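With the sequences and hints as input, model every part of the structure.
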Amino acid sequence: MLPENEQDRLAAVRRYDVLDTPPDGSFDRITALAARLFDVPISIVSIVDTDRIWFKSRHGIGAEEIGRDPGLCASAICQPDAWVVTDARLDPRTLDNPLVAGELGLRFYLGVPLTTSDGFNLGTLNVIDIEPREVSDEEVETLRDLAAIVVRELELRLAMRIAFEERRRRAVELNDNIVQGLALAQLALETGREDAAREAIASTLSAAQGIVTGLIEEAGEHGELPGDFVRHDPATLTA
Amino acid sequence: MKPIRVLLADDAAGYRALLRLALEEDGRFAIVGEAGDGVEAVQLSDTERPDVLLLDLAMPVMDGLQAIPQVRSRSPETKIVVLSGFSRNRLSDEAQSIGANAYLEKGTAVATIADTLVKLGTD
Numbered sequence: 001m002l003p004e005n006e007q008d009r010l011a012a013v014r015r016y017d018v019l020d021t022p023p024d025g026s027f028d029r030i031t032a033l034a035a036r037l038f039d040v041p042i043s044i045v046s047i048v049d050t051d052r053i054w055f056k057s058r059h060g061i062g063a064e065e066i067g068r069d070p071g072l073c074a075s076a077i078c079q080p081d082a083w084v085v086t087d088a089r090l091d092p093r094t095l096d097n098p099l100v101a102g103e104l105g106l107r108f109y110l111g112v113p114l115t116t117s118d119g120f121n122l123g124t125l126n127v128i129d130i131e132p133r134e135v136s137d138e139e140v141e142t143l144r145d146l147a148a149i150v151v152r153e154l155e156l157r158l159a160m161r162i163a164f165e166e167r168r169r170r171a172v173e174l175n176d177n178i179v180q181g182l183a184l185a186q187l188a189l190e191t192g193r194e195d196a197a198r199e200a201i202a203s204t205l206s207a208a209q210g211i212v213t214g215l216i217e218e219a220g221e222h223g224e225l226p227g228d229f230v231r232h233d234p235a236t237l238t239a
Numbered sequence: 240m241k242p243i244r245v246l247l248a249d250d251a252a253g254y255r256a257l258l259r260l261a262l263e264e265d266g267r268f269a270i271v272g273e274a275g276d277g278v279e280a281v282q283l284s285d286t287e288r289p290d291v292l293l294l295d296l297a298m299p300v301m302d303g304l305q306a307i308p309q310v311r312s313r314s315p316e317t318k319i320v321v322l323s324g325f326s327r328n329r330l331s332d333e334a335q336s337i338g339a340n341a342y343l344e345k346g347t348a349v350a351t352i353a354d355t356l357v358k359l360g361t362d
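Protein chains in written order, with our numbering: chain A, 1 to 239; chain B, 240 to 362.
Treat the hints with care, as some may be off.
[To be verified] Sample of chain A residues lacking proximity to chain B, with all beta carbon distances greater than 12 Å (derived):
| no. | residue |
| --- | --- |
| 1 | Gly102 |
| 2 | Arg193 |
| 3 | Leu225 |
[Claimed, not checked] One side of the interface only, derived from the structure: several residues of chain A facing chain B at Cβ under 8 Å:
| no. | residue |
| --- | --- |
| 4 | Val172 |
| 5 | Asn175 |
| 6 | Val179 |
| 7 | Gln180 |
| 8 | Leu184 |
| 9 | Gln186 |
| 10 | Leu187 |
| 11 | Ala188 |
| 12 | Glu190 |
| 13 | Thr213 |
| 14 | Glu217 |
| 15 | Ala219 |
Treat the hints as calculated values from the structure; they're not laboratory data. Note that the coordinates shown come from a computational prediction; the quantities given were computed from them, not determined experimentally. Quick reminder that beta carbons are idealized off the backbone N, C-alpha and C, glycines included.
Okay, structure coming up:
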């Protein structure tokens, strides 16, 4: 069973760049908390990859990943809401499943998809028991809230990475346009080519103005107000 | 004295041209080629076997940090002098740890660049 938007969903999984990253306290706290709240031995933050289900956090289970075929999370991400199996041995969807029939002896599964802000289910937050059990609407709501915290955490990390990349891009842009321009002007002066120096300074000045304008426009989407340009200290140019 | 054979690698053609002029006027160097990106720098190092490669870091296709180990392995005799717009704070150690012999910031006086090339090129 595959989600309808599987290719785009996998692209989203890649974009969040979470697969095969080291264990992380934030997610481990959430699975530990979920296991305690539900009084179950196992809780997992799973990410569904092309042919495997990888565990970003696992409480109460040693495996780091399982194949996608037997994985219940692969089913859980195919729909927008919680996926519940109250007794897996009686449930036609799961009774042949190796996780149920095999050594693990899974009986109870409640998984909530980790849905990104742009609507892709990356994986699940789930709680698992080896005993059958019922689940209340309130409990589903609790797991949904915890899943939302997991997603928020993933989104924050993605935003931070994008911000870092943007900063590096800016540094390269400043280097390419300003540092290189001034270095060129200086070299031209050193080699006695004043015309070339003047030209380099003019184009560097205009590149600098372009960059500054871009930054100001981004910082103040609502336009500039009087006082926005008051300096902390008078402008200085140091050699 | 035999001129020191220098390969210039920088994507800014104007900057490259001025460097060439400055070094040719100095009289101690022969410019054996100009590369506009890292891949060209590696290829020309391989074919020209320069005494020194003067290498920019931020370049299209392949950057200087990617090119350094490849130049090192293809033309082990070539000394590599990084000449970059980035300050040396972080990148100097990194560049030298992967095989660069010296790190100069753009803006360094031509005389200093020339002396560095002579020192390394005649080692």
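List, from low to high, the hint numbers that the structure doesn't satisfy.
2, 13, 14, 15
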